[in-house]
Amino acid sequence: MGFALKRLASAVLVMFAISVMVFLIFFATPGVDPAARIAGRGASPEVLAQVRQTFGLDRPLPARYALMMDHLFIKRDLTSYVNIGDRVVPQLSHAAPVTLSLVLGAAVIWLVIGVGGGVLAAMYRGTLVDPLMTLAGIAAVSVPAYWLGAMVNLLTQDKLHTGLFSWVPPLGYVSITHPGSWALHLLFPWLTLALLYGGIYARVLRAELISALSEDYVRTCRAKGLSERRILWRHALRCSLSSVVSLFGLDFGSLVGGAALLTEVVFGLPGIGKLTWDSLQNLDLPVIMGCVLYAAFFVVAANAVVDVLYSILDPRVRHA
Amino acid sequence: MRAEGVAKQFAGRGRGKNVVRAVDGVSLEVRSGETLGIVGESGCGKSTLGQCLTRLVEPTEGRIEFEGADITRLSRRRLRPVRQRLQMIFQDPYSSLNPRVRVGEIIAEPLRIHRVGDRATIRRRVSDLLERVGLDPGLAGRYPHEFSGGQRQRIGIARALALSPSLVIADEPVSALDVSVQAQVLNLLAELQADLGLTYVFIAHDLGVVEHVSDRVAVMYLGEVVEIAGADELYTAPAHPYTEALLSAIPGIAGEEVQARERIVLRGDVPSPIDKPTGCAFHPRCPIATDVCRTEHPVLVPLGPTRQVACHHPRVRDGDPGVRPGLLDAERRG
Amino acid sequence: MPEAATSPTAERALLEVRDLRVTFHTRRGAVEAVNGLSFEVASGEVLGIVGESGSGKSMAMYSMMGLIADPNAEVTGSARFESTELIGLRPKELNRFRGSQIAMIFQDPMTALTPVYTVGWQIVEMIRAHEQVGRRAAWDRAVELLQEVGIPDAARRARSYPHEFSGGMRQRAMIAMSLACNPRLLIADEPTTALDVTTQRQILDLIRRLQGSYGSSVIMITHDMGVISDIADRVIVMYAGRAVEVGEKQATVGAARHPYTWGLLGAIPRPHTRKTVLPTIPGLTPNPHAMPSGCVFRTRCAWAMDECTQTPPLLATGSDLGHLDACWLPGEERDELRKATLR
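Residue numbers (the numbering used here), protein chains in the order written: chain A, 1 to 320; chain B, 1 to 334; chain C, 1 to 343.
Same shape as in the complex, but just chain A (with noise of 0.2 Å):
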């Protein structure tokens, strides 16, 4: 109890931290007036004034800040300085769906890529299999998203869509309230988004459990007479999903922040990723801060819940 309220106090506070930095990374910049972003090119002083006043810009920085905060999460009508009129929040919402669908469907493909992966080839060590999973990881690792996305979508929208790929749908995104069009129009980028990680994570999932095989607690496990199957599964590779466990947090939090952006785009899906970065191109802060602020929460949950896992997953950790 007192960890769980400890863990969101500091997770109040990195939010927080991160906030004030953006917003004076963005006010301190020099060359950036907002004032000037909103009221268009050209305008005239009196003009700027003018939405100085009503954006509250010539208020002191402390008091914009809270202005904006009040904004995004009381009130939750910031709306976008460049495109007058568009509420951030709103944005956000209907951003976050299809991050959320993409990455989720990508991990559960991903994880089964790693483990099965990294299980068969610390399985068949010293055999031919090893060297061709490794291979194959390596290459899966190594090809940039955009790449293997424009070739997907070559073979599958252009080459040979009337052919063998005559049933992918158009790019695009369909709401889970359609389930079975939903699938199959994330289909394609769940795959290319999860052979970039299930490569990684065989990687390091073999060599967690090539090293979890040397310990003397394996040596055991075959004096006690237990099967070769059931110490790879039962003892290695529980022993190592701590490691993956950890890594898993950190991408699984990072992507639905927005760093799947370069699969959302090629596939054109307009989510997090998307958002953040055409916010980015107009320098259109509150839309920014809320991107941000958003991606932080993801972060600083899924590390939350990576603490939690881990203790589950190693009781050396419970009481330390």
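These are computed hints drawn from the structure, not numbers from a lab.
The C-beta atom is built at its ideal place from N, Cα and C for all residues, glycine as well.
Hints are not guaranteed to be accurate.
EDC-like mimics (lysine to aspartate or glutamate), calculated; alpha carbons at most 20 Å apart, straight line [as the list claims (entries may be wrong)]:
(1) C:275 / B:136
(2) C:249 / B:256
(3) C:249 / C:233
(4) C:339 / B:257
(5) C:275 / B:195
(6) C:275 / B:131
(7) C:249 / B:257
(8) C:92 / A:228
(9) C:275 / B:34
(10) C:275 / B:65
(11) C:339 / B:256
(12) B:276 / C:333
(13) C:275 / B:215
Sample of chain B residues with no beta-carbon within 12 Å of chain C, all distances over it, derived [claimed, not checked]:
(14) 39
(15) 56
(16) 60
(17) 99
(18) 188
(19) 263
(20) 285
(21) 288
(22) 290
(23) 301
(24) 306
(25) 313
Chain C is nowhere near these chain A residues, computed Cβ spacing over 10 Å in every case [to be verified]:
(26) 8
(27) 9
(28) 52
(29) 56
(30) 61
(31) 126
(32) 152
(33) 213
(34) 223
(35) 225
(36) 226
(37) 246
(38) 268
(39) 313
(40) 315
Start from chain A and add chains B and C according to the hints.
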């Protein structure tokens, strides 16, 4: 030259409110030219004590005197000349030598740090030292992994001797070695002591080894010295029940006569130094504990000119080696 | 070549090992970690195997139990357990013996148990791997076993994780686990080396007591002559992968006949050696890539002679026919030489 350590330490590694009393009020002196053995089981604080004595670990309480001067509060710089005279040898010959540094460099390093002599002098000194510890000086260019465990411990000894120290604190120097190699290293240490007039503090868990090398032995339990005595006295007539238990636990060798000893098998494990038992720290495992042991903490009291024990019921009789005649009777009466 | 190390008292051997060899094929050539080891274990006896690191004593046990994971290792020879040949058995068949018929305990109890499962769970796993027992019944048996090896409050401690146990308690738990299926043979690989003397004492007493009540045979591997003296009935002294001396404990340790055994015994500090120069074995154990021909100990032996370039057979050289040693020195001179060496 006299290392007089009246030391009292408190190593509090804070996790919550838990204070680990690794070394808890230890007072002892090391006489010039002698070997003082410190023996005890894992977790008794003997290694921490050794590191406190060289100030590798800062004692939280107490005073350490070395060669007549108080070194407890000396600054790093002022400690430097003291360190020349006060060296350590470590347990693990596999991890206490930097694997990427040539052996010659490892031995030369203290000489460089203390700016002793020029290049040629240092080189000569290194080959002298290697020869001294029984290694071929031609091996100075090799790396530690090319040597066996015993040879590595010899290198560690050469490094400790580089600055001609007067006192060497050896922390489990032979416990990682095979018996036959252990004997070689023990012989080497004895030979060096005789030739160079070294004083040793010899820390080990193996009573046989400690008894072999030591003039006097201090027995530690849960951070405290429970008995100090001449090695012979301690072996023939242990005064503390813990010492007695330690001695009786050593398995004898088949076909050899061993001193007839009542077998004392201790119950349970050593308690955690975080919450030490009240009174005598040993009382929960002691076969002869009484009420006074549970409430009153015994202090080291002299049994005779050479021995001290911290026990309410010392297991010695008048006439035992090192025990002042009449002492026990007088105490019993008083 | 090496003669059978037959003990005249052994009626029907539980384990009979003949010419066991473990060879590692390395880039720099073949290394023989165990070189033609033969011995047997009678039922109910405690056989001690003593030797320094690299003597091949643990490797010999691991090879019989199929515990050498190195794909470059080659195991030949024979190890007959009752009527089954263990060498060359497939892992699946071997698993019928490992744990149930032959159990093992290891040196370092800190790392020998899986850290993420409770001690009770791991004992239950062992029981259920070999017997058709329900979870509940297996758990009760685990608690009983823990109680039997002297773990206080066993019902609660069974739910503890290995890191919550002290070293001695962990070794007790390992012993409890090894006894779970009433093994005929217990192989203990340096079980007390990582422990303090008072704990070692407790563990040795425990093994002795349980060996008595379960009637199992024990192979005790150690480098400590004191431990071997305490617990073994018969002793094998190993050097560089070979048995150099075999016999009853009183003979092998108390009246040793091989120069290497003398060296080992002499090197132990004892009360009467205080402040004297300990007799040592000069030099180092031979490089496994460049073993001397003939007697492997001759490069370090004070009595090496011309004959020693021939491999000495393991034979009875004195009046005790069960006391064998591999040395060319005349049998009748041994007692005198021993006394001179060991004072």
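So is residue 52 of chain A really clear of chain C, every C-beta pair being over 10 Å apart? holds, 61 Å
Does the no-contact call for residue 60 of chain B survive, Cβ to all of chain C over 12 Å? holds, 26 Å
Confirm or reject: residue 99 of chain B is not an interface residue toward chain C, with every Cβ-Cβ distance exceeding 12 Å. holds, 20 Å
Hey, does residue 152 of chain A actually stay past 10 Å from chain C on C-beta? holds, 40 Å
Hint consistency between residue 275 of chain C and residue 195 of chain B [alpha-carbon to alpha-carbon, up to 20 Å]: holds, 14 Å
Just checking, residue 263 of chain B versus chain C, shortest CB gap more than 12 Å? The claim breaks: residue 263 of chain B does not keep its Cβ more than 12 Å from every Cβ of chain C (closest is about 8 Å).
Pair hint outcome, residue 275 of chain C versus residue 131 of chain B [Cα-Cα no greater than 20 Å]: Violated, at roughly 23 Å.
Given the hinted pair residue 249 of chain C and residue 256 of chain B, is their Cα-Cα distance within 20 Å? At roughly 12 Å apart (the allowed maximum being 20 Å), residue 256 of chain B and residue 249 of chain C satisfy the hint.
Holds or violated: residue 275 of chain C with residue 136 of chain B, Cα cutoff 20 Å? violated, 27 Å
Does the no-contact call for residue 301 of chain B survive, Cβ to all of chain C over 12 Å? holds, 25 Å
Restraint status (C-alpha distance of residue 275 of chain C to residue 65 of chain B at most 20 Å): At roughly 28 Å apart (the allowed maximum being 20 Å), residue 65 of chain B and residue 275 of chain C break the hint.
Minimum C-beta separation from residue 56 of chain B to chain C exceeding 12 Å: can you confirm that? Non-interface label on residue 56 of chain B holds, nearest chain C Cβ at 24 Å vs cutoff 12 Å.
When each numbered hint is compared with the structure, violations occur for hints 1, 6, 10, 12, 14, 18, 19, 20, 31, 33, 34, 35, 36, 39 and 40.
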